[in-house]
Structures are given as structure tokens and as C-alpha cells.
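Colleague: Using the hints, position chains V, X and A with the ligands against chain P.
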Amino acid sequence: MKSRYDFHVDSLRYLNDQGLPLDALPTWAEESERVLAAYRNMVLTRTFDQKAIALQRTGQCGTYPSVLGHEVVGTAIGQCMTPDDVFVPYYRDQAAHILRGVKLSELLLYWGGDERGSAWQDCPHDLPIAVPIATQCCHAVGIAAAMRIRDEHRAVVCCLGDGATSKGDFLESLNLAGAWHLPVVFMVINNQWAISTPRSLQSGTETIAQKAIAGGIPGHLVDGNDYFAVTDQLLQALERARAGKGASLIEAVTYRLGDHTTADDATRYRSAEELKQAWERDGIKRLQRYLHHRALWSPDQEQQLQTDCKATVELAVADYLAVPPAPATDMLDYLFAKLPKALEPQRARLVVRHGQEDV
Amino acid sequence: MKSRYDFHVDSLRYLNDQGLPLDALPTWAEESERVLAAYRNMVLTRTFDQKAIALQRTGQCGTYPSVLGHEVVGTAIGQCMTPDDVFVPYYRDQAAHILRGVKLSELLLYWGGDERGSAWQDCPHDLPIAVPIATQCCHAVGIAAAMRIRDEHRAVVCCLGDGATSKGDFLESLNLAGAWHLPVVFMVINNQWAISTPRSLQSGTETIAQKAIAGGIPGHLVDGNDYFAVTDQLLQALERARAGKGASLIEAVTYRLGDHTTADDATRYRSAEELKQAWERDGIKRLQRYLHHRALWSPDQEQQLQTDCKATVELAVADYLAVPPAPATDMLDYLFAKLPKALEPQRARLVVRHGQEDV
Amino acid sequence: MPNVTLVEAVNMALAWEMDHDPNVVLLGEDIATNGGVFRATVGLKERFGYKRVMDTPLAETLIAGTAIGMATQGLRPVAEFQFMGFIYAGMEQLVSHAARLRNRTRGRITCPAVFRAPFGGGIHAPEHHSESTEALFAHIPGLRVVIPSSPQRAYGLLLAAIRNPDPVVFLEPKRIYRAVSQPVEDTGEALPLDTCFTLREGDDVTLISWGASIHETLQAADRLAEQGISAEVIDVATLSPLDRDTLLCSVAKTGRCVIIHEACRNGGVGAEIAASIAEAAFLDLQAPVVRVTGYDTVMPYYRLENFYLPQVEDIVAAVEQVIAL
Amino acid sequence: MPNVTLVEAVNMALAWEMDHDPNVVLLGEDIATNGGVFRATVGLKERFGYKRVMDTPLAETLIAGTAIGMATQGLRPVAEFQFMGFIYAGMEQLVSHAARLRNRTRGRITCPAVFRAPFGGGIHAPEHHSESTEALFAHIPGLRVVIPSSPQRAYGLLLAAIRNPDPVVFLEPKRIYRAVSQPVEDTGEALPLDTCFTLREGDDVTLISWGASIHETLQAADRLAEQGISAEVIDVATLSPLDRDTLLCSVAKTGRCVIIHEACRNGGVGAEIAASIAEAAFLDLQAPVVRVTGYDTVMPYYRLENFYLPQVEDIVAAVEQVIAL
Ligand SMILES: Cc1ncc(C[n+]2csc(CCOP(=O)(O)OP(=O)(O)O)c2C)c(N)n1
Ligand SMILES: Cc1ncc(C[n+]2csc(CCOP(=O)(O)OP(=O)(O)O)c2C)c(N)n1
Ligand SMILES: [Mg+2]
Ligand SMILES: [Mg+2]
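Residue numbers (our numbering), protein chains in the order written: chain P, 1 to 359; chain V, 1 to 359; chain X, 1 to 325; chain A, 1 to 325.
Here chain P stands alone, though its shape is the one from the complex (with noise of 0.2 Å):
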């Protein structure tokens, strides 16, 4: 006697690549402002990330992971959550820091090898970079755990990347999401590559969405390189999330335009046909083609922007090279609340070897 269960994932899209419709757009797109602040917030973004290349290559700035390609998926997830509700990123979520208010110098500080890059002063409740793979997962669903057992309705978004979904951390808490009802979204941001490696040697699944139908959620796929996709599906997952309605998965199907980091190159192991072809999809042009579509947007605010994004830039740059380098004594200040007597010893000779003012 056979029978079967049957399960799925759903795939959305709102425009071409040319930036046209592919059907009715959803009502929320009618807020040209948003739009246009989504826009503008990916010019930023590809602005600060060029610089942030042009430091390290200078010599200014450590090893530094491109966001080039995630913008849009950065730049949905920044608008569409509220305040309250606490973002878990990865490394390459600059486009969504900076709506969350991190400090572009803040960034360049982390990169630049500084631990106060991580302080964000007026984003106080995010959790931190993470750079050990997948585990931030954990932290995602142990946040929204703590929003249910105060019954709030805020919500959680942790982002990882296709190479995250195969190691264990973001599978078990996929399960716990779907076991406990979590209100958390996981964005994975699919951009076919994980350093060199490819997303078919990643795991041989058709898509990396349906990993959410082993933890019993609801698992999406949206092209991320559209604005309305990315934004639509996420709108709903929040509301989702914040309904007491449970966790959702969402795969954001992007490239990955630049190399791993500024330590990599990429061109040892993809082709230049390859990456050609991605730029063709990508999402910055794509929504400046709808909007200009749309009649909303000019080559002169175009050239504004550019200009504007810059001196912003600008200004970050200065602020963090004029950030002067922390005390050594900081290295043991932070590691407690209150400094442990076995520690003393060890923080006088700090002060001793590198002419440190004690507290």
C-alpha cells in the first residue's frame, strides 16, 4: 500500500531584466518614495563598497568581502524591518546595515581591523558581523525564542549565504523555527558561490529553498535581484513572523558580482562569460530602468546621487582613518564586565610595555 505526502516551494518574480512589470506590481510599490530610497540606498552602497576595495588595495583598510550583487536583498531587508525587530547578519549585508543605522566608518573600522567597528553606536540592538559560518543561525532563532517567551511581536531576520545552508548550525535551527513556531525569517542570499565553490557542488538539490521543508516552514524563492520580489516576500514573511504565525525561508537567487573578498580572486576558478552574463541581471540597473520607466527618476538625479554617495563616502573615510588606534589595554577591558583579579597582573604589564594611562 503506497501514498504519498507532498510538499513545495514557491519561486517569485516581478520584473524582467529590463526592468519592465512581468505582472501587476504590489500595492506597496505605489510608494514611489520608498522606491526611491531603496534605489538610492543601493547607489550608496555600491559607492562605500568600491572605496572600501580602493582602501584595502591602499593598503588603508584589512581584507574586506565585496557586497557587490547584494544590494538589493540588503536594501529590501533594511526597509522592511521595523526598528524593533532585531537583524542577525553575516558579513556581506552592507546594503541593510546602513538602513539600521551602522556607520559606514563603523564598517571600515570592523574591516580595518578594529573592534570598535562592532560598536555601533546608533544601532544598538543588531547582533554583530559573524564570520564563522551559519552560526549566527543559532543566535536568530535563540532571539526570536526570547521574543515568544515575552510574547512581543517583533521578528527576526538572519541572513547567510548559499554556502552556509550545508553546514549544521542553520539546519538545526531551521528545525528548532519550525519546531518552536519562531517569528524569524532566514534569508538566504544565494549568489551561486561560496569562496570557489560552485552552488552545485554545494549540494545537490534543485533549489536550496526546499532545506525548509526539513524543518517544517514554509521555504520561498525569489529572484534577488528584483526590488518588488524580494521586498514583497519578505513583507510577508515579517508579518508572518510577527503574527505568532511561525518562521519562513527565503532564497534570494543573486551572483556574487565581485571576488570572495579583496583576498581572493576569482578569476582562478569562474569564467569571464559567466560573470558577464550576471551583470546583465543585475538589480541596481534593473530598478533604475523601472524607475526610469516609471518617469520617476532623471539622469540628472542620477548624477546627483553619484555625487552625493560619494561625498558621503567621502566623509566616512575620514572619520575612520582619523579614528586613532585603541589603547592595547582594550584588549582586556572588554573581555569581562569587571576586569578578574587573575587579569590584573597582565593589564599592568600592557600598561608598562606600551605606555597605557591606567583606568
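These are computed hints drawn from the structure, not numbers from a lab. There's no promise every hint is true.
[Said to hold, decoys possible] Only pairs whose alpha carbons sit at most 27 Å apart, straight line, appear in this in silico DSSO-like list of lysine-lysine:
id, chain 1, residue 1, chain 2, residue 2
1, X, K51, P, K245
2, X, K253, P, K341
3, V, K276, V, K51
4, A, K45, V, K245
5, V, K2, P, K285
6, P, K310, P, K285
7, A, K253, V, K341
8, P, K245, X, K45
9, V, K245, A, K51
10, P, K51, P, K103
11, P, K2, V, K338
12, P, K276, P, K310
13, P, K245, V, K2
14, P, K51, P, K276
15, V, K285, P, K2
Modeller: This is chains V, X and A with the ligands only, laid out in the frame that chain P set:
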């Protein structure tokens, strides 16, 4: 523009609770000697199990995990695997071990607190019992990968419980099995409980079999108390694996009829009613009814079998109890292929302290 | 004042703190309905509800990471690893996040979580159920490692651990979970962390230990007293950060020191203590610091476990050896 | 004889052994097409095929466990963790399986696997990319922990590690991956494991170190020589099991000892070495064994990393201190 991807898992059952076929049985079921051998192994396993519990209760064995409710699955595994295949067990696979050549006395020795209980004289290749949950899944894919690297037509069967399916090791292994098309079958024995944690708290999914979808491999549900269903699905999965067509996941649904281990008291967390109902689906009784129905079995034969099994078990117990403790130096002598110089003083100390001969 | 065992004291401390701080929540495998495999959390789900006493799926990485996430929100999660032998999957979360969140965010995000685990051998448990790998955690800056060795200290130190604003790995010596009962006042009074406890004063030799081995150490001190040797016994209690002052003061007085622990010798916490004392008390020491420890091998299954564990006579012999010098 | 760097020597050893033993296979993240993020495996996929040089999904538990599974079948897997900072998810597999398989099956199943990871700071890397937690592995009975500090030793020790019938954690000091070149004969000759290497003989003080710190240690020895102090320099190389004999012999001669390591001090491998020497060479020592180490904190991000790392002048100062006694 919405589109969707569909997935499914199937579910298989041949016998109803009364042991009557619901459908035409698979052709191999005509081999009555195979079916009878299966039945005998199930009874032997249960006889052994009762004895092991009794030994623990009388202080002659350590904590022991009863196999009650798992006899059908384990027997099917033991029968379907060839000697060349590799079995990667967890800790409740007694029925399979017996058919794979592990001695009953070795099983007792293991749970009796003696490492020699994993030295398995007549079962050289299978992996030892794995206590750290789900860790063995990674070994299973590693072994399967070795088979692929060497172009061998062998397969791996990896057992785990429902609780184990929450742990990253399992999920990471599923993914590798799918990505690399490995000759491995994951047999999840869903006995509804992980110690006191019911299946419903373990995961929000409708089935466990659907977790296969996250690895991109086929997932199957079978009635784990139905010898024909388990065997048939496993035979197909093994054939697929050996033919180079890749991995499968089988969820065998059964019930843990005993306490988690002798250290557990299941009445603390589950109802007598639930247990009673589970006994009605007992797979041994069901197969016995089938055999009677097919006139393959008589009360006399049953009587004789019970007597034989008891005798076999008593012999094994005698063997087990006759094993003198290992020399204390064994704790150092098997750590490395050759005792490192650094450990010589410690070994000498053991010899002095516990009067063992030097080797 | 009730007479309670160590594991009951753990339960009492959890109950007290849950009662007084709504932010305290518990999570782990089998801790809610079952009350934990050692019954450390028994009755707490009934009393505080399943929202504060949570059975988790079987996944230690997740347990560690979920607790961390909760802690970042100002909850005070107390996560249980069912046995120390199953803590390793949580290692990445402990090392790369719990220990670092405050430091890497310069105090913006913190991790006031407690990670409990029963540890140690001697209860005839199966494979992987007798681990003593406290040294792994003691080596990680940013983690506190706390081990109680009596019901009173279990109560007071666990309260302190939960109230501590930083992560604590709280290891409970399961061999003595029920070995002794002791009156424990349920007044919510915490004991200090980062401080060794001198359990017995003496002049001739300093015996340093923690966890279950404290009991053999105290017995050894009794026996030594019969031989006219006066041993000071110190329970380290907080293994990291280490209160070297108390240890050094004692050795300055006695001039001799024996360290006792169940973990294997190579790279055990005894090594750090011995190295610290040998360096700082170089001129005070009249004999080398000697370690009485487990062997450098995997904890044997239970038929051989007593050959592995430090015994009273081993301690006595070590003391006789250092006294003879 | 080619002049090669340490990382090139790693590549040479892998190539030699793959060429001579068909059972040797490599697995890890980005090791095949990309040749590893440090290029340690560059060219090997092209030479030996993707069946023997495998890019894995991004999952360290899996990498460790898969290698173990392969090893049980008589393969000789060499698994790469991309950085030591990402090894922790593999901890359970290393501790509970790799280290124990032989012991728990009484020799029936074994684990001849090598687990490679670049480690240590000083290369201006991002967070989590500068770890030195070798002590965690050295404390696990059943694991060998091997650290080369020159191209020649990288070549010879890696060959030995792969041929070794038991698991080896092979940690490569990435700060000196390309710091020096040295002629290395590609003859497949292994160096002994479980043996310290005396790099420089001396009479006044024994300097013990490993990994990248060996270089500051040798520089310190040069400076000390200018001051008329003759330092013996020992590269421990195999941190566990530890060759105490070589260390003790040297200290018996010099009477003074300084241990240098990059890892934090508390519970570092230096503690075990100091404790062992202080115990066994009690009567030989004319000064306490002193440790020059990283601070007991998380490795700082790169702007402060040089304040954390032991410097040549720290070593010189420590020697001056012990010589003064
Ligand atoms: C646990 C862990 N393992 C390995 C690494 C090294 N590493 C950094 S990024 C990366 C690839 C991540 O790929 P993906 O998740 O797809 O994110 P992407 O970088 O493409 O945005 C790897 C292997 C790490 N940071 N953490
Ligand atoms: C990593 C790990 N965590 C916890 C345990 C303790 N433990 C032993 S069995 C068990 C439940 C396992 O349940 P399941 O996988 O369903 O198998 P079953 O015992 O029901 O056959 C637990 C939590 C363990 N052995 N390993
Ligand atoms: Mg990616
Ligand atoms: Mg179960």
C-alpha cells in the same frame, strides 16, 4: 510571476496490524526460508534483550538500551546487507548486529563496561556502536565516499533515531550524500521518542522522511513494524546505492516499547495507554500472525524457537560472565598503534599499581 | 534548613533564581517534562511553565547557540548539556561567540548565559558519559569555568553564575550528585566566583583539587593527619579566571603542593596551576609540585575506571613523596 | 634541490605522498579548483583528479567526520580546515571519534587521518582568522598534535603525519607560510614524530617554542648571544605526545628555561611543559620556568595584534630575568 517546485516522499506498507497483506507482497516474499529466518532473528533479539535488562537489574551489566520495538527494522537491515556492505550503527541495533556476526557476548561486554565488546571478532568491518548522537552519519558518508573513490559496488547502511535527525551531523551528511551521489542508505528509526522528548517536539515536520528533500535525495516512509515494507524499501535503496545512483533516506515508523535505557523510567513522561496501543502494532507478533496465516509456523515451532533462543542467550551470558577484566594497561596499549615514549612512565605506573605484567 | 544533595542544591538554586528573576529560563534535552536525566530540573516546568523550561530538539550546537541568542536579549538562559561528553558540538558557539560577544562588540552585546553539564567518571556509566575535559574551557579567554564540590557551593556558585553578566561553564561532578547531603539555606545568597575555597587548614602541604576529587582529597588529608602530616585542602571552584593568590599564599606557608584532578594529566588544569605555582613560589617550594591525575588516555569504560581515577592512596603517596624531600 | 617556502613544502609533501600511496586523498573547502585559500593544495586536483582532491560543502563537522569515515576504510585522508578558527565544529568528531576509534575497538577500526589547519596571528587577517588553540587538541589523548616551523620540517613532518597509523592534527603557522625559503629535498623522507628538534645549542638557558614563534625565539637567541648569553633553542614540533626527555636534558644542562608561545598563557601548552620541567628538573632549575605568551584574552583584531604577540624583546627580557636569578 509565481512558479513552483514540487517534492514528495512516499510511504509503504504491506501488512495490516493483524499480519494480513494489504496488497500483493513483493516477489522475494515467496522465499519463505528468508521470512522464517527473519522471524527467528527477531525472537532471538527479543529474548536477548530481556536477558540483558535482567542482567542490568541484577548488577551484572551496565546501563543498557532495550531494542524492544526495533527488532523488525534491525532484522531487515541484517538480511538486506551483504557482507561487503558496511553497517554504521547507533546503539539500538542489536537485531542487525546479530545477523552481521557480532556475538551476543560481545554486545553484553560492551554494555558491561569493557572495550573488548567492540572488538567484534566475526564482524571485522562494521563500525562500532556510536553513542554520541548522529555523529556516525558523517562516518557513513565518508565510508561511502571511499567506496566511490575506489569504484566499488558496495553500500553503507547508517542507522539513527528520530531524535538524531535534529542534529547537524545528520543533516550535513544528508547533503553530502546528495551532492556526491554516495552509496549510502540512512535508516531513521522513528520510535516516537528521544528519551523523554516526543517526536512532535523534535521537529515541526509532518514526516522525518521529508528531511531527505533538504539533501536532494529520495525520502521514503515505511511501517517499521512491517517486515515486508522495511525489507522491500531497503532492498531498493541498496540496489540504487550499489548501482551508483545515489543515496536514500528511509524513515521506519515504529515505537520504543521499553524505557530509553535501564537508567530511564518512561512512565514519567508517557502514558500507559499510548504504550498499550503501540504494542498492538508490534512487528514480531504481526509477522508471527502472517506466518500462521500462511501455514508456515506452528505453536510447536514457536515453543522450540523460544527454547532455542533462551539456550543461545544463556550460553552467551555464560561466555560474557566468564570474561575476566582486562589488564589495566589495556587503557594505554590501544590508544596508539605503538605506545609513545611519553606514555611509558604512566604504563609502568599502572603495572606497579595494579600488578600487571609488562608486555 | 533542609539537608540536600548536590543535585538538589542545583535544583534549589535554579528555582530560587527563576522565582526572583523572570529573565532566567532553562533549556536543554529532557529537562522539562522529565526533569533532566539526573533530575536537576525536576519540578521546574510544573512551577514556571514550559515557556521558561524548554525541552529542545537533540542538537548541542543549537542548544549553545540558542542560549547565546537568548542571552543577547537580556534573558539569563541556563542551558544544560546532558553530559559533558556531548558538549563538543557546542564548542564553536562557546569559543567563537559566548566567550567573545562582549569583547568583540566592545560591550554593546553581552552573553550572560550559563552552560551546565554533569561531568566526571566513577558512576559506571556507558562510553562518553564520564568525561572531564574542563581544561578545554579553562583555556578559552572570556569563559568562566566553575565547578562546585558540595551542596552548599553548588547552590551559592550556581546563583553567582546565573547572576554573572558573562558566560559561565558550570560543571557538576555527577559522581557526588547524591554522595552527601548537607544543610543548605535557601536564602538566595550567592558565593563569590573567581575565588578558591580553603576547606581545611594545614601547615605541611597544600592539596589543591576540584569537583569530585575533593572528596578523595579530604579523605587523604584525614589519613595524613593520622600520620601527623597537616594538609591544607583548597577547592579551586572557579578554574578560570584562576585565583592564584589563595593558592600561592597557601604554598608560601606549606612549601609543598600536590594537585589532584580526575582529567588526564597532559594539559589538564593542574598543569596551569603547577606552572603558576612553580614560577611564582619558586623560592618557597621545598619540593616539586606533584600532580595526581587520570592517565593520558581515554577514560576507560567502567570495568577499568577505578584504575584510572585518582584514589586516596595515590594522594597520600604523592604527599609522602613531596614530604620526603 | 628547490628552495621552497613552508606552504610550498606542505604542497610538496602532499604531492609526494599522493604519488606514492594511492590511498592518500584530500578533502576540504576550496582545496581543489582553487588550490586552497593559501594555495597549499594548488595543482593537486589537476595532477591527481577530483576523486582524490575533493572540494567539500561548507561544513566542518562533516569534513572531520567524513575524513574519519574514509580513514576507517584504509584511505589516508588529509582534511583541511580553512582556518583554525573554524575547526571547532569538528571538535566532537575529533574528540569522540578520531582520537578513540582504535582504543574503543581495541584496534579493530583505526583512524589514520590528518587534519590540517593554518593557525596563528600576525597576518592582519579578519576576526577568527588568527587563532592559536593548539592546547585544546594537545589535551585530547589519542590525538597527535604536530606543528612545523620551517619548510624542511613541514615537509618531513607532514609525510610522517600522513604515514602515521593514528590521527594527527597538523597545524601550520601561516605567519611564516612564505616568510622564509629553504632547500627541501623532495625524496619522500619523513622526519620523526614525537621528537623535539634542537635548533641551536646553548649552555645558559633553554628556549622552548613552536610554530611561528620559533622565529622570534631564534632572533632572541641571536641577540642574547651578542650579550654573551648562550641560549639553546628547541622546537617542540610534536606537542602531544610530548618528548619531555629532550626538554629535560637541555634544562639539566642549562638550569634555566623560558617557554614562548603565541597562544594565551592560561592553560596553554606552555603550562604543561613548565609544570613537567618544574617537577622533573626541580633540583636542576636555578630559576623559575618563565612563559612568554599571548595575553589571556581573545586574539585582538589586527590593529592591536602586535601588542598581543610575543616579541623578540619580550623573550630577551624574560631570559634576562631568569639569568639574573
Ligand atoms: C565555519 C567557517 N568555515 C569556513 C569559513 C571560511 N569562509 C569564509 S566565507 C566562506 C564561503 C561562504 O560562502 P557563502 O555562505 O555562500 O557566502 P558568500 O561569501 O558567498 O556571501 C568560507 C568557506 C568561515 N568563515 N567559517
Ligand atoms: C550528542 C548527544 N547528545 C545527547 C546524548 C544523550 N542521549 C542519548 S540517547 C538520546 C536520545 C536519542 O533519541 P533517538 O535519536 O530518537 O534514538 P532512540 O534512543 O529513541 O532510539 C539522548 C539525548 C547523546 N548520546 N549524544
Ligand atoms: Mg555564496
Ligand atoms: Mg527515538
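Colleague: Does each hint fit the structure? Answer for all of them.
Modeller: Here is what the structure says about each hint:
Restraint check for K51 (chain X) and K245 (chain P): the C-alpha separation of about 17 Å stays at or below 27 Å, so the hint holds. A C-alpha spacing of about 21 Å is found between K253 (chain X) and K341 (chain P), which places the hinted pair at or below 27 Å, so the restraint holds. Between the alpha carbons of K276 (chain V) and K51 (chain V) the distance comes to roughly 22 Å, so the proposed pair stays at or under 27 Å and holds. For the hint linking K45 (chain A) to K245 (chain V), the alpha-carbon distance of about 24 Å falls within 27 Å, and the restraint holds.
For the suggested pair K2 (chain V) and K285 (chain P), the alpha carbons sit about 23 Å apart, so the restraint of at most 27 Å is met. A hinted pair counts as satisfied when its Cα atoms are at most 27 Å apart, and K310 (chain P) with K285 (chain P) qualifies at roughly 18 Å. Restraint check for K253 (chain A) and K341 (chain V): satisfied, since their Cα atoms lie roughly 21 Å apart, inside the 27 Å limit. With a CA separation close to 24 Å, the supplied pair K245 (chain P) and K45 (chain X) stays within the 27 Å bound.
The suggested pairing of K245 (chain V) with K51 (chain A) holds, with an alpha-carbon distance near 17 Å, which does not exceed 27 Å. Distance hint between K51 (chain P) and K103 (chain P) is fulfilled; the C-alpha atoms sit about 15 Å from each other, no more than 27 Å. Annotation: proposed proximity of K2 (chain P) to K338 (chain V) is violated, straight-line Cα distance about 55 Å (limit 27 Å). With a C-alpha separation of about 26 Å, the suggested pair K276 (chain P) and K310 (chain P) falls inside the 27 Å cut-off, and the hint holds.
For the given pair, K245 (chain P) sits about 22 Å from K2 (chain V) by alpha-carbon distance, which is consistent with the 27 Å threshold. This hinted pair checks out: K51 (chain P) and K276 (chain P) have alpha carbons roughly 22 Å apart, not beyond 27 Å. For the hint pairing K285 (chain V) with K2 (chain P), the CA-to-CA distance comes to about 23 Å; that is within 27 Å, so the pair holds.
In the structure shown, a violation is registered for the earlier hint numbered 11 alone.
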